Each structure stands twice: as structure tokens, then as C-alpha cells.
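K.L.:
What follows is each chain in one-letter form.
There are 4 protein chains.
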Amino acid sequence: MTHAAPLSDTGSRSPAETDRITAITALFEATRARSRALVAPLSPEDMMLQPMQDASPAKWHLAHTTWFFEEFILKPRDPDYRSPDDRFAFLFNSYYVQAGPRHARDKRGLISRPDVADVMAYRAHVEQALAAVLRAGRDDAAEIADLVELGCHHEMQHQELLVTDLLNGLSYNPLLPVYQAPDGTPAKGENHPVTYTAHAGGLVEMGFDGTAAQAGFAYDCEMPRHKTYLAPYQLADRPVSNGDWIAFMEAGGYADQTLWLMDGWACAQREGWDAPLYWWQQDGEWWSYTLRGPMPVDPAAPVVHVSYYEADAFARWSGARLPTEAEWESAAGDTPIRGNFLDAGEDDGAETLGALIPRAGGGMYGDVWEWTQSPFTPYPGFRPPEGAIGEYNGKFMVNQFVLRGGSCATPRAQMRPSYRTFFYPHQRWQMLGLRLARDAG
Amino acid sequence: MTHAAPLSDTGSRSPAETDRITAITALFEATRARSRALVAPLSPEDMMLQPMQDASPAKWHLAHTTWFFEEFILKPRDPDYRSPDDRFAFLFNSYYVQAGPRHARDKRGLISRPDVADVMAYRAHVEQALAAVLRAGRDDAAEIADLVELGCHHEMQHQELLVTDLLNGLSYNPLLPVYQAPDGTPAKGENHPVTYTAHAGGLVEMGFDGTAAQAGFAYDCEMPRHKTYLAPYQLADRPVSNGDWIAFMEAGGYADQTLWLMDGWACAQREGWDAPLYWWQQDGEWWSYTLRGPMPVDPAAPVVHVSYYEADAFARWSGARLPTEAEWESAAGDTPIRGNFLDAGEDDGAETLGALIPRAGGGMYGDVWEWTQSPFTPYPGFRPPEGAIGEYNGKFMVNQFVLRGGSCATPRAQMRPSYRTFFYPHQRWQMLGLRLARDAG
Amino acid sequence: MTHAAPLSDTGSRSPAETDRITAITALFEATRARSRALVAPLSPEDMMLQPMQDASPAKWHLAHTTWFFEEFILKPRDPDYRSPDDRFAFLFNSYYVQAGPRHARDKRGLISRPDVADVMAYRAHVEQALAAVLRAGRDDAAEIADLVELGCHHEMQHQELLVTDLLNGLSYNPLLPVYQAPDGTPAKGENHPVTYTAHAGGLVEMGFDGTAAQAGFAYDCEMPRHKTYLAPYQLADRPVSNGDWIAFMEAGGYADQTLWLMDGWACAQREGWDAPLYWWQQDGEWWSYTLRGPMPVDPAAPVVHVSYYEADAFARWSGARLPTEAEWESAAGDTPIRGNFLDAGEDDGAETLGALIPRAGGGMYGDVWEWTQSPFTPYPGFRPPEGAIGEYNGKFMVNQFVLRGGSCATPRAQMRPSYRTFFYPHQRWQMLGLRLARDAG
Amino acid sequence: MTHAAPLSDTGSRSPAETDRITAITALFEATRARSRALVAPLSPEDMMLQPMQDASPAKWHLAHTTWFFEEFILKPRDPDYRSPDDRFAFLFNSYYVQAGPRHARDKRGLISRPDVADVMAYRAHVEQALAAVLRAGRDDAAEIADLVELGCHHEMQHQELLVTDLLNGLSYNPLLPVYQAPDGTPAKGENHPVTYTAHAGGLVEMGFDGTAAQAGFAYDCEMPRHKTYLAPYQLADRPVSNGDWIAFMEAGGYADQTLWLMDGWACAQREGWDAPLYWWQQDGEWWSYTLRGPMPVDPAAPVVHVSYYEADAFARWSGARLPTEAEWESAAGDTPIRGNFLDAGEDDGAETLGALIPRAGGGMYGDVWEWTQSPFTPYPGFRPPEGAIGEYNGKFMVNQFVLRGGSCATPRAQMRPSYRTFFYPHQRWQMLGLRLARDAG
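Here the protein sequences line up with chains A, B, C and D, keeping their order.
Residues in the first sequence are numbered consecutively from 805, following the numbering used here.
Residues in the second sequence are numbered consecutively from 805, following the numbering used here.
Residues in the third sequence are numbered consecutively from 805, following the numbering used here.
Residues in the fourth sequence are numbered consecutively from 805, following the numbering used here.
Source of the hints: derived by calculation from the structure; they are not laboratory data.
Hints may contain errors.
Identical chains share a label here; the pair holds if one copy fits it or two copies do between them.
Restricting the straight-line Cα-Cα distance to at most 25 Å, the calculated cross-link-like pairs of lysine to any residue (SDA-like) are [claimed, not checked]:
no.	residue 1	residue 2
1	K992	D1087
2	K1199	R1125
3	K1199	Q1231
4	K911	W1083
5	K1199	Q1061
6	K879	H929
Please read these numbers as outputs of a predicted model, since none were measured by experiment.
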């Protein structure tokens, strides 16, 4: 396009700067390619689905993550940049507060135009422009790299939402559509008893520390790193499994009010919950609807699609409790970040998709997000960044709970020990599970 | 396909029977072709839009009208018929009462699969099978012809819904998409005063009489023809115009509670009504969103997209009232059925689309449906037909009001003097207008 | 009491005028006394109950009916009149539209002050002032008499609401309070089959005619008297009984969607209806909560507390239909107005209370209001009266159905053949029943 | 009554035991007397008010606090005890979960019977029986004393609710009733700037320690005492005042979305908040409705009736934040518990009522509850007590925020440094205010 600046312009960069630009460019390309791969199996009709206000159509995710790069990098920093349609800034912003109820968040599924082809063209247009900016050896290259990195992590968050929103949208179709064909025979493992590992607690540090081993990207809400005091505790060596959950159901867990928080009981009654979301019983066996179509429930795999209310009731029934996020983070320590993530690895240079459903045998990371008992609150000394990006996380710090560890819908590159995701206690459509904790002896 | 019966099998038919089959076959072909023409300008994304429970996606209309022929003719009468997918019967039935809230009427917009291509193939499959049945010279040809005729009128009703549901769905898009390009310069006529024609009333007959000049198709609710007594009355010679409506608005009609029915006032306050649906003001001029995109409001054209509540308040403000449906039907008499309908006529053998918006200068038919003050109730002696088709209209006979005359979204072939359509008094998304009446002297 | 004004003040009146004033004064005194008698068994706490927006506290009814005389007679016509508290005009008007949601109709139960004693003092104050006006031999005595008559009929309507609102309010108390002790052993009659009487129909007249035998009071909506044409029909000789209704229930009437109007089915499912309001089953027998406390259901007595939706479904199940209001009024003809009303008669000069529950053996009047299939619409030529009183009935003419005949909660003096009451099709808390009709042969 | 055991039976008690019984008896008598004093100005009608589900009628508070002593002491421990009506156990329990929606929590205002007189008799009956049990020198006297103490603290919580629920109920009355006449001229103080006190933080202890200086009563949720780590911080020396709040309002605080949590903004828009609850503007001056009737807003007095959402937005606007509950408790330290509480002191042996509205000049306790940024969560090692009383606080530990310090509606005897009350972030009808905090330097 319009960015003809040759690579030789970067001659004045330090090797570290060059490495940084190279790494960010690779991250950008991989992230954008993953979004394209995620929608490759989808029809234009599939990409329109918005089953509820909490979810967005795939097409919107594709456009909104593109708008982010345009709005925060290209428009303010590239005077030659031209948007394919200035009205996209309005359509694909997250919050059209000023636009009134006819264009509210729950109406994203009514935006049939621009169509998918136009959105893919918009993506390509922005990618080309941004690649040129990254190549151009500009004075503000370091700042731009930081913003691109933020944009990539933002897009990875939306990749996770894209697949879980899609699962929710497709779940209303009586035909039970298959997003990805099953990869082999469905697993049916044995449900082994859980064991607990003791942790001494004491005065520990938590949160992201940019200057230490955790160097890299983190969100504002993971900082500052700070001290917190933990009593001795024990943490289960695996998430709660489907087999455990079926035992809870068979013991009448969904019908015993004494196990439930008062708000949780009211919610469960109002919604008619008697099993995790997407489960049904057929010929005496439990099935669930997944991104790989209908699947028999594997007793050994982590339970998924349970709300905080259900997780809390389960823990009480078990004579245990949910961990705090400090306990979880302290226990995770420097465990390597391996697990069942959205991307399974590389195959001939291109990323391959992961299992897309939780599987038995994982560790602290992947498979399911794990509810903690910690409300999503600011860390001591928290300060939101300046400017529009400052709205990133702070305004959500009420009524939500922190989950840790990532899931089978989380891109691997998004994960780190300090990562905090958060959802409302009634929500179930994400890959939400739990791991039990106990006070020490 | 499977229907090999040669045309010579029809040798035993009477000429009248043969004419009837020929006419019905032509009606079937024209009706099915019109549905295809209506969606020709649409993308798969456009055909997914379901903006509210009252509306359905275009794709659903296409499939549901096809299911009707399959369910009521092919399956019970053609033992060789095979559906492309037996699950379509579930997906495209009107009322999935047994299927629970996850598959309720307001979730039709979440059925991304089958996609548009599959639905078009389903249509072709059923059309081919039905054409063969019509050709086959069967003993039950007369019954089948009646059912095909019913199916065509059913499809025409859905054609009207298809375009008005589409208008509603597209209206949420801030880009204000254009379904059909404007046909020439937008009209801006002068708003002439209304005049009234006197009618003597007395004991009159109304309703459909199959044996008389009205011979042809009619719905159950138009029968039996019966006597009713009318006091002398006067009826306006044209519908209320946009210019009239602007005068009402400027006189504070939307703010004067004494003009409104109590339920109407509550509805108008709750919904924030201060103009017809799709209207907005820009630089001192009124605009409206139409199937031909944003258009300046033509003072001379009939007002459209007003609810019964608004129509009733307008009539009260005017010192007039809405007519009863008996008054309307008696006044219409045997006026020829001409007007601004969904189809404009024929051009080189193929139907052409009409104006798609109301225009000045029309008569009793076309442009806008006209609210009457008559609730939709059974005529004396009404009996619903036997069987599943018996549910056709009777179960709607509460809380709705009758409108007469057809609109610019109504296929011409659907109209007749006795035709009763009906909507709830709060609804506005159809092509709904009004014509005033007065008591005599 | 305080009525010392000598009759000689009225010396210039004609005997007819004097008779009219005497009659109206008696009506006023009897009406006001009945209101006092109705609340005599109630505590101040009982008089605060407002169980839903459709209902009002007894205290409010007492005050509002008093405000009517103050607002429309005393304030405009008696310059010496002083209200005990000018703010009552605001508190006890029907519609505080201008006052915003904090003082809306559904908040009447939150007006603890003025207390019952203050309201009773307000009543006495207005009664005294009005009696003086009636005695005074004024030039506008005829107009005042008309307004007092209207006020008395208005108060009688509120007497009916007072007892049915009270029944609804008390029904939420698990102690099942008794308003009036049962008058003898509860009836348990045999349920005899219904028989139908044939009516010829034809061109008939209906509505109130002030100049004929019906001379007396009527509401605007009962006029003008007008012609209407009826096909021959048959009308049942008694209302549908509890025994009939139990048969409907046992036949699965509440579970068979094909019997119901679509809106009715949705309402019944949403509300969980499976029997008339206030019914429950105990040891295999049906009981209902009544103004005389819990009572076993009498199979021979008319069913009560059923909605239009239920009445319509019952009629369809019976192979019959509801009558139109014209059919009902024509059949009633000049039947004497006798029956089970709110007041049973006179005992030592003072009125006595009636049964307060429907009983077997009645005629066209009393026991239960009878749903007709006629929506509440204006009669041909209807014109609301001028002024504030003009709002009386016209603004309710949408979405409601007419009932005829009065009930065991209706004051006898309120009834006449042309009387139209009206309720929404989902409402059940009034004394609502039904009588079947059929098309002739 | 039935408890004839002579005082000499207590001969075997230790002096400490005797002192304990004497103290508890005095607490019981004072608590019960305070409830009677609180309702002395109320009519039976006033005691029926239930303006919303969160609030209960005064009559219900009187009965429910009595039921507590009956249910947990008299019935299980006094075989001779007879309830005046066994059905009261059902009517006056907190949660009629099994009773279905017709008797749900929001229907307490529909229980007109038993009336106030019956409820007062119920109170006297239980008081007499309990006094006899306390006098009787029983073996389980210590356990009973603990339960009576719990019952008194329970009743004190309900006293606070009684007056704030009453204020809310009366606020719907356009007459703006006065619960207690103003005590002197309304204050109009000057609003002095706030100053901050520095606190070093570090590893501190918080929560109730029964064995230490805090010996006495505490709820389960205040335990166990535990360590927590605090960064250095600063705490304002006074609550936010009305003057401060008016500055926030005048600066457009209610209209600036960037100041608000996302859920808070949505709530404020939905509810139309633009000032604290009960405020209105009149002739350019702010007024508020209080338990002493309409009062001009005192700029120097603490602001009250603001939600967490408003408090959080105000703090952000101020460049400060809300304190955590650990910061608050640590700062309070062993400050004497003095302040503007529900009871002002003793006058001739009987308690007198306090100001009933917040006043300028107070310290950490009294006037207004102070929102903290701490969600209401279990302390590390929290275990709910066994049995029905175990439901006391644990089931509320979600979606609520902790407030500290007590208010002008809190009985003085209820307060201690570890006391945690909690409300939902949208609630405003309690005496809710705030005090600012800041991170140190």
C-alpha cells in the first residue's frame, strides 16, 4: 500500500530492538492467522449467531479485534492510513453507549452488513498497514510494539470468546452441529480419587513483576506485585472431574438448599439448573454438547460449564472449599505452562487446533478455568493506565470472581502464572471448572 | 424424480378440472418464483436476521413455506416422497411447543444450519415433487389443488412478513442498508384535505361467499357470509397521510394523554413513541427508513408503521373515528382490486417488484393496511375446519384488531374484499396505516 | 344527625323534583352506609392490603369514593366547602399520572397516613356537606342529583372491588382469615345437566334507552340504544357449575393446548394455572378460599374466579361457545332483576349482607358475572360525555371483554339489563364465571 | 406462668455465672424495651408497610425477633412452653422457601392478621416465659445465656432494619410523614476540608478474638482472628460530607461514565439516579426526607443513602479510593466506641432515642455505615457453626460488600471493632455512607 519504507531504515535500531520487533511481528502474524483458522469451518450464517447479550457473533469478534489495531495504532500514528469505512469504528467498538438501545451490545447479531467477505477484507487491509508500520523503523517503534502486543493479547481473549460464544450459539440448533470432527474415539477414563498437596503459606508475593522471570506481557490488573499472607493450606492435585460431579448430582446436590449460597440457590431455581450447561441424559448415560458435537461425558475429564454458584455448592458438599487466587498462584509457582490449550502445537510450521474439550490428566494449566473464591478486586496500589486503554479492566472490578489457569479455549501464548480472568457467578458458557482446596490440618 | 406418471393419465379429467390444475400450477410457480425473487438481493447474513420474537429470518420463511407443502401434501399423499432431512419438519414448523424454551419461536435466528444453500435445495426438491404430483392425474387431484392453493396463500402471507421482518431487522444496522435501490426521485407531494363519502348502512351482508362473484380462495375466518346492521356512516376518500400525521405530532398528539386509550398511553410512554416507527428528524425534515433505504417523508403519501393505539389517538384528535370492518367492507363493495402491491405487474413474462413504500393517490387497496376499530372475532356461525389446518386462524381470535385493504408488501393475488388481517394494537412493524370514518349527520 | 334544614326551603320545587331529591338522598345514604358496613369486620391492618396493581386497599376505596363527591360536586358548587386536607385530592384521585412512579397506582398500599380513623372522618365530613347541599333547594338541584347518582353508582362499583380486592389480599395469608362467618352448613348440591333455550334472533335493539321502561341511571358506554342483527341461537339455562368445571379439569382441559386460544395457553403456562383461582385439593376434595373462609367446592354452584381464557377453553371443550353480549341482553329481556347480590335485602330497616359466594339455583342475574365473547367496544354512535367525567369508560375500550349479569359482590341497585362490566382476558380475581351458548340447529 | 422455680435454686451458681445471667437479663429487657419504644409512634397502618422485597413491615420485625427466642430456646428447652399460635412459626420465620411464591418474602406486607395487638401479646408471652427460664437456675443456664445474647443481637439488627425499612415505606407517602419531631433547629454547618492520617500497615491481625480485650459477643463471620498484610495507607479523618457530595454532583459526577464501574453505570442509568436516595431540590436548595420529616441537607453532615456504586464513583472522582475492611479495622484500633447511634443514652433510667440522622463531628463509629472496597467473603479458616444457626452469615457471602462503623440507626450495644455488616452494591435504603482512603505517598 502506502508504506514504502525499506527495511534498511531500521539500521539504527539496537539488536534488542530488532529482536523485539521481529518477535512482535511474529506474534501478530500468528495471532491473526489463528483467528482466520478458527472461522475457517464456519459459514457466513454461523458467524452471525448471537445467542445472548454476553456473547457476540464470530464476525463481530473478527472485526472488533481489527478495529483495536486501527483505533489505537493506525489512526493516531499513521497519517496516511485510510479506513475502508469510517463507520466501522462505530459498528465494531465494544460499547456504543451513546447510540441508544437500538444499537446496544445485545443487537450485534443484527449487523448483517458488512458481510463476512467485507470483514475479512477489513482484516487484510489493517494487517497490511500494520505490517508496514512495524517494518518502517520508526522512532516510536517501541511504543508501537507495546501496543501491537496489547492488541494481540486482546485478540487472543476474543479468540477464546469466539469459540465459546460459537458453542453457545450452535447449542440452540436441534441439529447439534459439529464445529470440528472428533479427534479419535471419545475418551471414557476411570475417575481416580483426588489427593491434596500441602502448602505452608506465610507471607508470599503475588502478581506480575515485569523485571523478573515473568518478564513479558501482563494486564494492568495483574499489577503491582505485592505481599499477601497465607495460612497453611492444601490444594487438590487435579480439577474436579465429571465423575465427581455426577456423584454430587446423584447425591441430590442440586436439590439441597443447605449446600448453596442464597443467591446461588435463587439463580439455580430460576434457571432450572440440574446439571452443567450442555448436559443431557440419554439411555441412562450423560452426554454433552461440545465443539466436536455431541459426546458422551468422560468421568475422568474435568467438569466444565459450571457456574461459581455450582462450584461453591460442590465444594461445600465435598467438605472442602475453593482456593483463593493467592493460594492458586502461590501453589502454581513456576510450574511450566503446559496443557490442553486452544492451539495444540505446530505442524509443518502452522499451528494446529487443540482438543477443544477438557481431557483427563492435565496439570494446573489448560483444560478448564478454575473458579477461585476471590472476587475480582484491585491489587493494593493498583492504578489503571492513562487514556482510553485505562478502561481495560478496572471498570469490571465488582460482582465478578477470579478464575485461574486457562482452558482448552485459551491460546497458549496468553497464559502466565499471574493471569486473572473473571466472570459473574451465574455465568456458565465459558470453559469454567474448579479445583478444591482445604485448610491445613 | 420418482413421479413417472405420464400426462396422458389425465385424460379422464373434465376440462374444468384441467383448467383448475393448470391455474393452480401457475399460481404455485408464480408464488414460489416470487419468494426467490424477494431474497435475490440478500446475503446469507441478511437472511439470518431475527430482530424480535414477532419476526422471523428470511431463511426461515423460505423453509417454513416449503415445509407446509411437504407436511400437508407430500408426506400424507405421496408414499414415495422422501424429505432431504427429516429433522427439517421439526426445525421449520411454526410452533415448537414441545421443544421447550431453548428452541422457542424467538430463537429462529440461531439456526445457522441448514444454510441458505441447503434451504434453497430443499425448496427445489419439494417443488419438483409437488409439480409431479400435480401432473400425475390422481383421483385426489381436486383436494390436492385446494391444498396447494392454501399453501400458496400461506406463502404469500409469509412473503409479506419476509419483507417487513427484513425491514425491521435491517433497521438496527446504523449503516441503513438499502434492500432495493429507489425507483426514481423520492416523491414530495402536496397534502390535500380529506373528503368523506356518505354510506347509507342498513342491513348488509359481509364475509366471503364461495358461490357468488367472490368465488375463489378465502380463509376460514372470512366465513360464513352473514348479515350485519350498519348505521349510516361516512368514510374518508384516502388514508391518513404523512402530512396529516405531522400535523398531529406538531399539535402535541403524542403528549396529550386525553387523546389516548389508557393501554395505548401506557404503551407509548413505555416505548418512548413520539413518531411512527423508523422516522427521525434531520435538519428540520422528517426522514424514514424504508426497504429502499433512507427516504424523506412524503407529505402526500399514506402514513405507515403506526400502531392501533396511535391510529385511535389520531382519529380522536381528528374528531373522527376508525371504521368498523363491516363499514370498510361494505364501502369497498365491488371496487376493482388495484393498487400499490408487492408485485407491480409483469415485465417480459416475469413479475416485477412494486414500489415497496406507500405512495400518494391510491384507493381502497394497497399502500397500507388500514386499522379498523373491530377486534378480530369469529363471524356468527364460524367453525374452524377439521384437522391440523383447523388451527389456522381461530386461535388468534383474541386481543387483536382487524385491518383491511392490503399494503405495498402484500402480493396482489392475496387480496379480496373479505380479507381480514389482524395484529396486536401495539404492533408497528407491518405496513400499518389508517383511514378515518365518521357517524353520519 | 345534623340535618335540621326544614323542608319548606324546597317550597318552590315541583313534586317530581322533590321526589327525585328524596330518592337520591335515600340512595346516597344507603350507599354510604353499605360501605361502612362492608369494612365493619376489618381491622386497620386489613384495610391496608394491596396484593397487586389491579387491586386497591379498602381504605383507598373508602377515601376515593368520597373524593369523587368532593371533587365533582362540593368543590365546584359549594363555595363554603372546605376539605379536611387539600392533599387528599392528590392521594385519592385514581390516576396520579403526573406524580411519577413513586406514587403510582401500585403504591396505594404504602399510604399508611391518613389512617382509617382520619378517612372515616373525611367520609363523615363530606357526607354532612353533601346532605346540606341536597337539602338546600338550590337552582341546580337537578344537576346535583344527577351527579350524586353518578357518585353513588361509582361507589357501588368500588364496593364490589373492595370485597374482591380484600378477598385477594387476605388470600395471601396462610391463616386463611374469615371475613364473614359462614351462614349455615356449606352447600353440596347435585350437578344437574344444563339445558338450552332457543332464541330466534333477528334485528333487535340493545343498549340503554332513557326514555323507555329502563329509565334511570346508566353509564355512557351503555348508550346509544341501537339495532343489531342476531342469527338464531341457544342459551344455557344456568351458568357453568363447579361440577362441570371439575369434569373439564379431570378430562385434562388445562393440559390440552388445542382447546386454548394462543394467548390463553401462553398465559396459563406462565401462571401455572390448573384450577380456578383460590382452589386447592385436600384429601381428594376440592376446596376454595372465600370471603367466608375456606369452603368445600359445591358441585351445583356456579364456577367463579375463571379468566376469559379459561372460559373460552371450557366452552370449546363443551362443543359450545360463549354468547355475545347482544345475545345475552336480548335473552335477558325484561326478566326481573333478582338474584344473589352483595346485599340480601332489608332486616329491621337496615340492609343485610348476601351470601358472598355464588350459589346454585340462580337466574340471569347475580352469583357470577358471565363472560361474553364480545370485546368491550363503543356502541355505534357512542360519544363520551364532556369534561373530566368523559373519561369514565371510553379510555378502557381496548383489550377487555364484556361480562353481563352481576355477581354476589354486586350491589343490587347497580344492576340493569344493559349493564356492561369489562375485564382483561387474563384476570380472575373478580367474581367471574360463564354461561354457554350455541348456534341454532 | 408455669415457671415456679424459686430463685434459691440458683444457689449453686458461681458468682461469675450469676453476673452473666444478670447481665444477659438486663440486655434482654433493654433490647425488648427498645423495640417497643421504636414502634410507639406508629399506627397499626404504619406497621404494615413493605415498600420492597428488601424491606419488611415493622410488625413482622416485632414478631420475627420474638419467634427467634421461641424457636431456638423455648421450644427445644422448655417442655411446658406453649405458643399462642403454632402457625406463627410459619408466618414469622425468615424464609418460607417451602411455601411457594404466594407466601414469599415480598408478601410480608399482606399479613394483616395477626394484628399489632396480637403481635404485642405474643411478644409479652415470650418475654414472660423467657424471663422465667433465665430465673430458673437451670443446668443449661450458660448455653441459654449465649442463645439469649445471640437473640438480642439478632433483635438489634432488626431494630436497625425496622427504622430504615420504615423510612423507606413512609417515603412513598406524598404527605412526607414525621416519625419523630425534629430535635431543635436543623443544623447547617460549614464543610471543612478532609485531612488524611497515615498508617504504616504491615502484618496485622484482624477479626474477633474471644479471649482477648474484645471478649463478648461476635458473629461467626467475624472469626477467626487472623493475620493479613497491609501496605502503608492513609485514611480520612471524617466521612464524606453532604457538601462534598454536592460538589461531586455539581461537577457532573452522575453524568460522567468514566468515573463509574460498568455495573454501577448501568444501575444508575436504569434507576435514574442523580442524587442520594430521598433527596430533592426545592428553590435551589437540597432537601432530604428523614425519620424526622423533610430536612434541609446539612453540608457538614456525613452523606447517607448512597450505594457502593456511587461511593466508588465518588472516590474515583476524588482521586482517592475506598478503604479495605482490614485498613478500616486496623485504623480503628481500640478507639472508644462512641458516636451517634440509635440510642442516645439514658434519661431517668430509660433509654432515649438518638438523632436518627447523621450529624457532623463524629468519629469512626455511628452516623453512617462506611462502605469498604472489600467484598463480604469468609475469613481464612472460617467455619459456620453447627445446626440451624449455622446458616447465620455464610450463605450471604457472595455479591455483597462490607461496611464498617455503625450508623445512627444502629443500637450502641451492637457495635464492636470487628463488626461486619454487608449490603449489595446497588442498595441505598440503609444508613450508608463512606470514608476515603489513599495509598501512602
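K.L.:
Does each hint fit the structure? Answer for all of them.
P.N.:
Now the hints, each set against the structure:
no. : hint            : in the structure
1   : K992 <-> D1087  : within (16 Å within a copy, 49 Å between copies)
2   : K1199 <-> R1125 : between (28 Å within a copy, 14 Å between copies)
3   : K1199 <-> Q1231 : both (18 Å within a copy, 19 Å between copies)
4   : K911 <-> W1083  : between (28 Å within a copy, 19 Å between copies)
5   : K1199 <-> Q1061 : between (33 Å within a copy, 10 Å between copies)
6   : K879 <-> H929   : within (13 Å within a copy, 51 Å between copies)
The structure agrees with every numbered hint stated previously.
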